[in-house]
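Once you have looked at the hints, place chain B on chain A.
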Amino acid sequence: MVETLVLLAFLGLIVSTLWWPRPVVRAVGAAFVGGLVFLAFRGPLGVLGAALPALGVAGLAAWGLPQRVLKRVCFMVLSLVLLVFVTTWLMYSVPGNPFASEKQANEQVRAALRAKYGVPESATEFFVLYMGRVLGEGTLGPSLKSQGRTVEELIFPAFPVSMSLGILALTIAVGLGLFLGVRAGLKPNSWSDSGSMAVAMVGISIPNFVIGALAILNFSLLLGWFPVAGWGGYQHLILPAITLALPYAAYIARLARGGTIEVMQQDFIRTARAKGLSERAVVLKHALKGAILPVVSFLGPATAGILTGSFVVETLFTIPGMGQWFVKGAINRDYSVVLGCALLYCALITMFNLLVDMAYALLDPRVREEL
Amino acid sequence: MSTALPPNPSPQAPPEKGTSLTADAWRRLKRNKLAVVGAGLLVAITLLCIVGPLFTGYNPEETDPKNAFLAPSDEHLFGTDSLGRDYFTRVLVGGQTSLMVGFVATLVCLIVGTLYGAVAGYYGGRVDEILMRFVDFFYGIPYMFLVILIMVKVQGDEATKASAVPVFLSLGLVQWLAMARIVRGQVLTLRDQEFVLAARLTGASDARIILRHILPNVLGIVIIYATLTVPAVILLESFLSFLGLGLELSWGVVVSEAVNVVNPVRSYWWLLLWPSVFLAATLLSLNFLGDGLRDAFDPKSRR
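Protein sequences appear in the order of chains A and B. Our numbering numbers the first residue of the first sequence as 3 and each following residue consecutively. Our numbering numbers the first residue of the second sequence as 2 and each following residue consecutively.
Here chain A stands alone, though its shape is the one from the complex (with noise of 0.2 Å):
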């Protein structure tokens, strides 16, 4: 009842969004920019060392930044708040408890182990503690199960380990991507054309579990080229990045391949080549730019999967990065850790949705006005 209406609340507000005015819309999202700043300088900085750069950047925002860009922030930030709660309540809904495995626990020790934990009874409360901890105190709090260890010991160091698979698999995606993709589209109905669109289509037909576990049959287990598993050095990180990357490389060649085919139709290509411009440069300086239009707008969506769907491939290869946690905190019942994995990868595609959306917004005129 009590989460319905928070919930209600928060809607209200993050629809209202729409109607602030300016000013106010210029001073929050100053404020919410300086204070993301803070909370990501706090703990290595102190309190004194963080608060004089994020004065700063919120100076900065309030002074430079677009108020689109401003809106957008207010609505992102107020929207990760919102994740939080809906998170704890579908965690609190879910039957079960941290503290339902303790058997001998009588009602007395599980309510002091709830005290001592920060775990109240009801959702609301676990969230207003939980807010109260982030903001006031800069941690994400310990970890419910692994006992002794707060969730940024166990979530810092799987960290890198996800980004780095992450952005090596984006890289090639995007990479290998573009290549086929716009290969393809500059001939259309080729034989190459119809083959990478064939490729493509496979990859994102078979699940990339199987593509990896038949990866890893092949080249790890009858070539011996890579490790079969486990973390280490770069060739760990091959065949995960591959088996990643693959769907979306495909995704991206079909978009890029659309893109260019679009593209070479339009008048200024003819201008380019009539005034005598090879075809190379015709491509790299005049095509390139609005076929990779649609694959821009497409990189938003195409990290979030990409660092969601490491889940799979981390597990395919035992990697021991992000992925495990989530899953492993959901079926645990370890509130803390999930919501901390949450609050991480959703402020991470928030914020990148809104770099890509301003990169859109600068490589096309005509969305300019619009963010």
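FYI, nobody ran anything at the bench for these hints, they're computed from the structure. Note that CB positions come from ideal geometry on N, CA and C, so glycine has one too.
Covered stretches of chain B (in silico footprint by chain A; criterion: 3 or more residues with CB under 8 Å from a CB of chain A, positions within the stretch not fixed):
1) 129-139
2) 230-244
3) 283-297
Only chain B this time, still in chain A's reference frame:
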């Protein structure tokens, strides 16, 4: 509408039958070999999965440890798995679940997304802004998080553990956002056209206008995206199964069991091969069919 015109009065030319947009699209679709093959394959796989298990004579869950890891033979068409279960039966029964998840979840997504998008597009203005802001919010969340949490909730609850309905619902509910956006865009362009005005002037209610006049006009694009949603849902379910959060027996479950027992010393190739072939063939046919439909209905996207 061409049917409302008087018949061609000129006696020289034989009266040409007007081709409607649908008939035109149907003709184009039939010319697309990949789409036709895809549709045929899809029907074949579906029939095989429904009818096949009745004739194999095995129970997909009945274990027989003495006959574990048998290679494909006349007795066991696809061999047996690590517990001696007949693999052919398991793959087919798993297919029933996967296909059902795909279609039912898509139906959920279709109903929710279409109505939501139609209402947002038809009313426009504030209603549209508010409704679409919700969609933006959900779009920003990686849906894998929500699905995993919902699946954990479903499996933790004794009441819902055995039933597949919550899975259908939760998978459908994360897919409707794109559908809502597409339908809204279409409805925005339709709502100011004369036939809607005419309907309104005859005193039709908003609900009637949306359901009887606007929705039939966006049906084409809705069906196209539904065809492309089915493989997405089947794929998502197989990911969840791989993480141990899916249904009891589906293609995803069968493949992930296979992935776990395959090793270099004895590569039980049939375990990985058959479910992967079925899964990939189904997803390929659906994707080809969806692409074919899109090209057929949208002449601009044709090569």
